[in-house]
Amino acid sequence: MYSLTARFNQIVFFTSCTLATLSLLNQLTAWYLMNEQPSANLTIHSTEKFHFIKANHYNGGKTNWDQASFRFSLEADLKPVFTWNLKQLFLFINVRYNAPQTSECVIYDKIISRPDDPSEWEKASNLALKNQRIEYPLKDSYASLKNQTVTFEVWIEVMPYVGFITKQRIGEFPYKMPEVYS
Amino acid sequence: MKRKDTLWKSAYIYFNEMDYESQKFARIAYKVIIILVSIISFIISLFLQRFQICVYSVIGSSIFSILLFAPAWPWWKRKQPKWQPVK
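So the protein lines, in turn, are chains A and B. Going by my numbering, the first residue of the first sequence is number 685, and it counts up by one from there. Going by my numbering, the first residue of the second sequence is number 27, and it counts up by one from there.
In short, the hints are calculated from the structure, not lab data. Think of the CB as a built atom: it goes at the ideal place given N, C-alpha and C, for glycine as much as any other residue. Honestly, I wouldn't trust all of these hints.
[To be verified] What follows is a set of in silico ranges between Cβ atoms, one per label pair, in the way DEER data are often shown:
{"#": "1", "chain 1": "B", "residue 1": "PHE73", "chain 2": "A", "residue 2": "PHE692", "range": "30 to 38 Å"}
{"#": "2", "chain 1": "B", "residue 1": "TYR82", "chain 2": "A", "residue 2": "THR833", "range": "36 to 44 Å"}
{"#": "3", "chain 1": "A", "residue 1": "ASN810", "chain 2": "B", "residue 2": "PHE90", "range": "19 to 27 Å"}
{"#": "4", "chain 1": "A", "residue 1": "THR705", "chain 2": "B", "residue 2": "SER36", "range": "55 to 63 Å"}
{"#": "5", "chain 1": "B", "residue 1": "ILE65", "chain 2": "A", "residue 2": "GLN785", "range": "50 to 58 Å"}
{"#": "6", "chain 1": "B", "residue 1": "LYS105", "chain 2": "A", "residue 2": "THR705", "range": "42 to 50 Å"}
{"#": "7", "chain 1": "B", "residue 1": "ILE65", "chain 2": "A", "residue 2": "ASN719", "range": "22 to 30 Å"}
{"#": "8", "chain 1": "A", "residue 1": "THR689", "chain 2": "B", "residue 2": "ILE85", "range": "16 to 24 Å"}
Let's have the full structure, built from the sequences with the hints guiding it.
And the structure:
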């Protein structure tokens, strides 16, 4: 406290220490007081464009794959995750099946960012997608998608302002693929 | 022979020297101001659910205390110690 630079230095470092503890408190009050879990409901309306693709110009005709596309509706209640610590949510739909090996494939993703004003959180957190097409088609290199039982999983990746990035699964829906290519 | 100081250097010397009593006061006062402002703004922003209020008010209070306590203004120079006369 004996010179100008000493006082300036002490005050600046003290504010950065308080900001660090406030961020830590911010993270603790946001995540560890959560009681409910978010939930989602996914219904598949139809399977369209279920083909066997024979790509003769790749690899001498040895590379072939199955391809499927879907139409779905998704309703999700994301209100418990919408705290003041949240920056963005990354929601994606994962398909898992047990063909020759356990395979997973992401077929749809969406970024949901949190608006600043707390009165707009209701609208942004109740997700309602109706009769949407998927973004990336489901491809299987072993051509074993006929008559396969497949589970659709809805995942959420939570990106906070302060803290670790975490993933959690909020729904699991089994489905049976059709028997014939269309 | 003492060289005439430039404007910046004499300004720095003027703002540098502060009383011992006011140094003791400033050492406690800036911490009290910043901690009080941070607690109150954290509770207010917890109700309104916006973290920007908290961060901006803590930074604002730190700038206020830098302007008030860091340079040696004339009111921090009042209680000079009584030096013994030169023998």
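How the hints compare with the structure:
1. Range check, PHE73/B to PHE692/A: about 34 Å between beta-carbon atoms, so the 30 to 38 Å window is met.
2. Distance hint check for TYR82/B and THR833/A: the Cβ-Cβ separation is about 54 Å, which falls outside the suggested range of 36 to 44 Å.
3. The hinted range of 19 to 27 Å is not satisfied by ASN810/A and PHE90/B, whose Cβ atoms lie roughly 42 Å apart.
4. At roughly 40 Å, the beta-carbon separation of THR705/A and SER36/B lies outside the given 55 to 63 Å, and the hint is violated.
5. Separated by about 56 Å at the C-beta atoms, ILE65/B and GLN785/A satisfy the suggested range of 50 to 58 Å.
6. Between LYS105/B and THR705/A, the C-beta spacing of about 35 Å breaks the proposed range 42 to 50 Å.
7. Distance hint check: the CB atoms of ILE65/B and ASN719/A are about 26 Å apart, consistent with the given range 22 to 30 Å.
8. Under the hint 16 to 24 Å, the C-beta atoms of THR689/A and ILE85/B, about 20 Å apart, fit the expected range.
Hint check: violations occur at hints 2, 3, 4 and 6; the rest are consistent with the structure.
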